[in-house]
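Start counting the sequence shown at 1; every next residue gets the next number (the numbering used here).
If you're looking for bench data, these hints aren't it; they were derived computationally from the structure. For glycine and all other residues, C-beta sits at the position ideal for the given N, C-alpha and C. It cannot be assumed that every hint is accurate.
Stated by the list, open to error - FRET-style restraints, in silico, Cβ to Cβ:
(1) Phe32 / Pro169: 23 to 33 Å
(2) Leu39 / Ala85: 36 to 46 Å
(3) Asp143 / Gln50: 24 to 34 Å
(4) Arg27 / Ile191: 23 to 33 Å
(5) Val62 / Ser89: 16 to 26 Å
(6) Lys199 / Gly168: 28 to 38 Å
(7) Ala85 / Leu170: 34 to 44 Å
(8) Val173 / Gln111: 16 to 26 Å
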Amino acid sequence: MWRPAEILSDGAHRLAEPVGRVVAKTRVPPNFLTILGFLFNVGVAWIISQGHFPLAGLLIIVAGIFDLLDGAVARHTNKVTRFGALLDSTLDRLSEAVLLFGLLWYFVWQQDTSLEVILIFAIIVGSLLISYVRARAEGLGLDAEVGIMRRTVRILTLSIGLMLSPFGPLLLVTLWGLAILTNLTAVHRLIYVWYKARKGPPH
């Protein structure tokens, strides 16, 4: 089955490997890159809150480099740890929330933007549910890595929407797409886990 989310994610990680090999020679700790990437996203969120959408969209792509490099560096320096994986996953989710909060903050202070605020709230809820269903399923011994709107796809879509914001209502269209598809992905994962759980108790 053709899964664009997996293709995009796997392709991005393959591209990061040679760069990670070079960065690993500098002896930069992987966790430092993880934290640096999060702080970079906080700065991008502030730029979003000020309404500089095209610049922020471009910087989100740059921030994504840190997200890919920390894991690649950890592998090339044999410093892959369970805590590092937890820190990376936690700050990934927090970074996404911070970016969306920056966008929410901008629209809250604008006039006639109730729709945008509602859509961003729906995106936040959908993103949280996607991560929660997967984590809860894994805790039950079940796999829930399905659905189109994985984090990589969500972040890339948001970035493109921000960069295209000067061209008509494209940012609003992006928000609609994210709001609908994130929640559909969460429901998809829930149904998928329910179906797999029916086959027998988790081990």
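Okay, the hints, checked on the actual structure:
1. Phe32 / Pro169: 23 to 33 Å: violated (40 Å)
2. Leu39 / Ala85: 36 to 46 Å: 19 Å Cβ-Cβ, so the 36 to 46 Å window is violated.
3. Asp143 / Gln50: 24 to 34 Å: violated (41 Å)
4. Arg27 / Ile191: 23 to 33 Å: Distance hint for Arg27, Ile191 is violated at roughly 46 Å.
5. Val62 / Ser89: 16 to 26 Å: holds (21 Å)
6. Lys199 / Gly168: 28 to 38 Å: violated (48 Å)
7. Ala85 / Leu170: 34 to 44 Å: holds (36 Å)
8. Val173 / Gln111: 16 to 26 Å: holds (20 Å)
In summary, the structure is inconsistent with hints 1, 2, 3, 4 and 6 from the numbered list given earlier, while agreeing with the others.
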